[in-house]
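Using the sequences provided together with the hints, build the complete structure.
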Amino acid sequence: MKEQNASRWFDRMTVIILTITTLLCLAPFVHLVAISLSSAGPITSGKVSLIPVDFTLEAYAKVFSDASMIRSMFFTIGLTLLFTASCMLMTIALGYPLSRKKLKGRKMMMLVVVITMFFSGGIIPEYILVRNLNLLDTVWAIVLPGLINPFYLIIMVSFLNNIPESLEESAEIDGSSHFRTLLSIMLPLSLPVLATLSLFYAVGRWNGFQDTLMYINSPELYPLQLKLYQMVQNSMITDLLKSEGGQRNMLLVPESLKAASVIFATVPILLVYPWLQRFFVNGVMLGAVKG
Amino acid sequence: MSFKNYMTRYWQLYALVVLPLAYFLIFRYGPMYGIQIAFKDFNFFQGILGSKWIGFEAFREVFGMRDFYLALRNTLMLNFLDLIVSFPAPLFLAILLYELKVVWFKRLSQTVLYIPHFISWVIIGGIVYQVFGTQSGMINNLITSIGFEAIPFLTSKHEWLATYLMVGVWQSAGWGTIIYLAALTGINKELFEAASIDGAGRLKRIWHITLPGLKSTIVVLLIINLGNMITIGFDRPYVIGNLAVREYSDVLSTFVYRVGLQSGQYTMATVVGLFQAVVGLIFVLGANYTSKKLTDESIL
Numbered sequence: 001m002k003e004q005n006a007s008r009w010f011d012r013m014t015v016i017i018l019t020i021t022t023l024l025c026l027a028p029f030v031h032l033v034a035i036s037l038s039s040a041g042p043i044t045s046g047k048v049s050l051i052p053v054d055f056t057l058e059a060y061a062k063v064f065s066d067a068s069m070i071r072s073m074f075f076t077i078g079l080t081l082l083f084t085a086s087c088m089l090m091t092i093a094l095g096y097p098l099s100r101k102k103l104k105g106r107k108m109m110m111l112v113v114v115i116t117m118f119f120s121g122g123i124i125p126e127y128i129l130v131r132n133l134n135l136l137d138t139v140w141a142i143v144l145p146g147l148i149n150p151f152y153l154i155i156m157v158s159f160l161n162n163i164p165e166s167l168e169e170s171a172e173i174d175g176s177s178h179f180r181t182l183l184s185i186m187l188p189l190s191l192p193v194l195a196t197l198s199l200f201y202a203v204g205r206w207n208g209f210q211d212t213l214m215y216i217n218s219p220e221l222y223p224l225q226l227k228l229y230q231m232v233q234n235s236m237i238t239d240l241l242k243s244e245g246g247q248r249n250m251l252l253v254p255e256s257l258k259a260a261s262v263i264f265a266t267v268p269i270l271l272v273y274p275w276l277q278r279f280f281v282n283g284v285m286l287g288a289v290k291g
Numbered sequence: 001m002s003f004k005n006y007m008t009r010y011w012q013l014y015a016l017v018v019l020p021l022a023y024f025l026i027f028r029y030g031p032m033y034g035i036q037i038a039f040k041d042f043n044f045f046q047g048i049l050g051s052k053w054i055g056f057e058a059f060r061e062v063f064g065m066r067d068f069y070l071a072l073r074n075t076l077m078l079n080f081l082d083l084i085v086s087f088p089a090p091l092f093l094a095i096l097l098y099e100l101k102v103v104w105f106k107r108l109s110q111t112v113l114y115i116p117h118f119i120s121w122v123i124i125g126g127i128v129y130q131v132f133g134t135q136s137g138m139i140n141n142l143i144t145s146i147g148f149e150a151i152p153f154l155t156s157k158h159e160w161l162a163t164y165l166m167v168g169v170w171q172s173a174g175w176g177t178i179i180y181l182a183a184l185t186g187i188n189k190e191l192f193e194a195a196s197i198d199g200a201g202r203l204k205r206i207w208h209i210t211l212p213g214l215k216s217t218i219v220v221l222l223i224i225n226l227g228n229m230i231t232i233g234f235d236r237p238y239v240i241g242n243l244a245v246r247e248y249s250d251v252l253s254t255f256v257y258r259v260g261l262q263s264g265q266y267t268m269a270t271v272v273g274l275f276q277a278v279v280g281l282i283f284v285l286g287a288n289y290t291s292k293k294l295t296d297e298s299i300l
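Chains R and L, in that order, are what the protein sequence lines are. Take 1 as the starting number for the first sequence in the numbering used here and just add one per residue. Take 1 as the starting number for the second sequence in the numbering used here and just add one per residue.
Errors might be hidden in some of the hints.
Claimed, not checked - Straight-line alpha carbon distances no greater than 20 Å define the calculated PhoX-like cross-link-like pairs of lysine-lysine that follow:
| no. | chain 1 | residue 1 | chain 2 | residue 2 |
| --- | --- | --- | --- | --- |
| 1 | R | K101 | L | K4 |
| 2 | L | K215 | L | K106 |
| 3 | L | K204 | L | K189 |
| 4 | R | K102 | L | K293 |
| 5 | L | K106 | R | K104 |
Hints in this document: simulated from the structure, not taken from any laboratory. These figures come from a predicted structure and were not determined experimentally.
Here you go:
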């Protein structure tokens with residue numbers, strides 16, 4: 001009886017702790033939504049925490065009417081699709097041959113790939129290369145350099161290796177070419193891995209920042225994170241000024257404007273997240289097992 | 001099999017690998033050619049070949065810079081503190097989630113906890129600057145409303161460090177939880193049953209079965225983290241750091257960016273990049289070696 005009480009107490013504590021933790025985890029988002037929907041006065045006087053005060057949609061109206069934000073959003077969607085498609089094509093094109101054990105030169109090619117996982121030129125040589133190829137300030141500067149992720153490639157090769165050889169052999173007996181085998185047998189069987197890797201590539205590109213910072217100068221080509229950074233950066237300076245002088249800054253709509261922009265940039269990910277989550281969890285497991 | 005026969009059978013595979021291998025050659029090995037910039041007085045107009053060879057002179061100069069040592073120290077310090085601070089939470093949460101019987105709550109918690117890992121550091125930066133802001137930030141609102149003075153979370157270096165680490169926990173706890181939960185499903189359930197028959201309560205079972213079962217996962221994760229001690233991402237310190245706290249927030253990656261791309265001192269930046277790559281390689285190889293040694297003893 002005592003054991004059961006102790007057990008129930010433990011369960012209750014677990015639920016309480018987890019509830020508090022998840023609420024704390026969500027709090028920052030809730031705060032930002034509140035700020036984005038509040039008016040300038042209450043924001044300045046520090047009255048806005050988790051609920052909007054003096055509700056207004058002004059900040060969002062500004063964001064949605066900003067052509068450069070909208071353009072950046074659509075550009076980033078297109079960029080992500082282009083990137084993901086290219087990466088997957090290349091990863092499959094290299095992954096399938098590398099999984100065929102009878103291929104001569106396979107080990108050499110694998111070595112070429114694996115070495116790049118442990119050593120690289122560094123960002124300056126990479127920048128010089130992109131510049132020399134005249135790719136600076138173009139979409140290709142942020143698509144080509146990361147075209148194949150060696151780690152994901154290895155995941156693909158491992159997965160294809162696990163497909164029973166008998167399938168490959170019977171296809172060969174039936175006179176199927178390698179191309180055909182790849183398209184009609186291997187790929188359909190690989191859908192989980194293809195979905196997972198596509199999502200890894202896509203989310204990586206969507207959230208990517210450093211390379212866009214380095215390579216993109218034209219505002220028309222600003223991917224969403226870079227555009228968002230330009231907006232948020234001002235607030236850093238403003239906040240610094242405030243804490244040093246303690247003076248009131250007259251332009252306070254910046255806070256709600258920035259908050260609205262952040263939420264604007266976050267919503268797409270949150271929308272697709274429930275579907276993505278399953279693949280990412282599986283993918284992490286795949287990676288953990290291989291790594 | 002003759003060469004001709006072999007190629008007739010396999011030419012398609014070779015056709016497939018041409019472009020991907022070209023990618024590796026150009027974009028992965030190509031930059032390695034550029035490493036020699038570290039040994040030359042690099043000038044854009046003269047290019048790599050035209051620039052004068054200066055040997056290790058740039059290395060001497062970099063290793064004499066105070067800023068370099070600050071960046072190095074910060075890199076190691078931030079990584080090390082991150083490891084300590086971010087370590088317990090996922091473990092703790094995974095154990096709690098594992099013990100939970102209510103499936104919907106379990107799944108909901110996991111889903112929520114994992115969200116911060118999905119969003120970009122730029123977005124996190126935006127959130128951080130609002131939540132921890134001195135004037136209108138949520139936390140300082142709370143603090144000032146109960147009568148205390150606002151805390152400069154982002155503009156004073158010690159407070160900034162704490163904020164930086166806490167944000168790290170928030171961002172990574174969910175991901176770590178998933179890894180540990182996956183490891184937990186590998187523990188033999190019969191061990192738990194046997195223990196409870198023997199009269200062991202919840203806490204005893206956790207201590208004697210759950211934790212030892214996670215030992216190998218913990219060790220592996222620890223070793224991977226130690227192997228990456230000198231590598232540090234760019235986005236997080238760059239976005240969350242700022243001029244006021246540069247003494248703590250400037251790390252090797254931001255140093256290279258600032259000195260190389262913003263100031264145009266390509267040679268020095270390449271030196272630091274090369275230093276980081278070589279030392280990083282040594283760390284990783286050392287970690288792998290250690291892991292192999294330990295794996296023989298403790299796991300499998």
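Verification of the supplied hints:
Using a Cα cut-off of 20 Å, the hinted pair K101(R) and K4(L) holds, with the two alpha carbons roughly 19 Å apart. At most 20 Å may separate the alpha-carbon atoms for a hinted pair to count; K215(L) and K106(L) exceed this at roughly 23 Å. Between K204(L) and K189(L) the alpha-carbon distance is near 15 Å, which keeps this suggested pair within the 20 Å criterion. Only pairs whose Cα atoms come within 20 Å are accepted, and K102(R) paired with K293(L) is rejected, the gap being roughly 33 Å.
Between the alpha carbons of K106(L) and K104(R) the distance comes to roughly 49 Å, so the proposed pair goes past 20 Å and is violated.
Comparing the model with each earlier hint shows violations of hints 2, 4 and 5; every other hint is respected.
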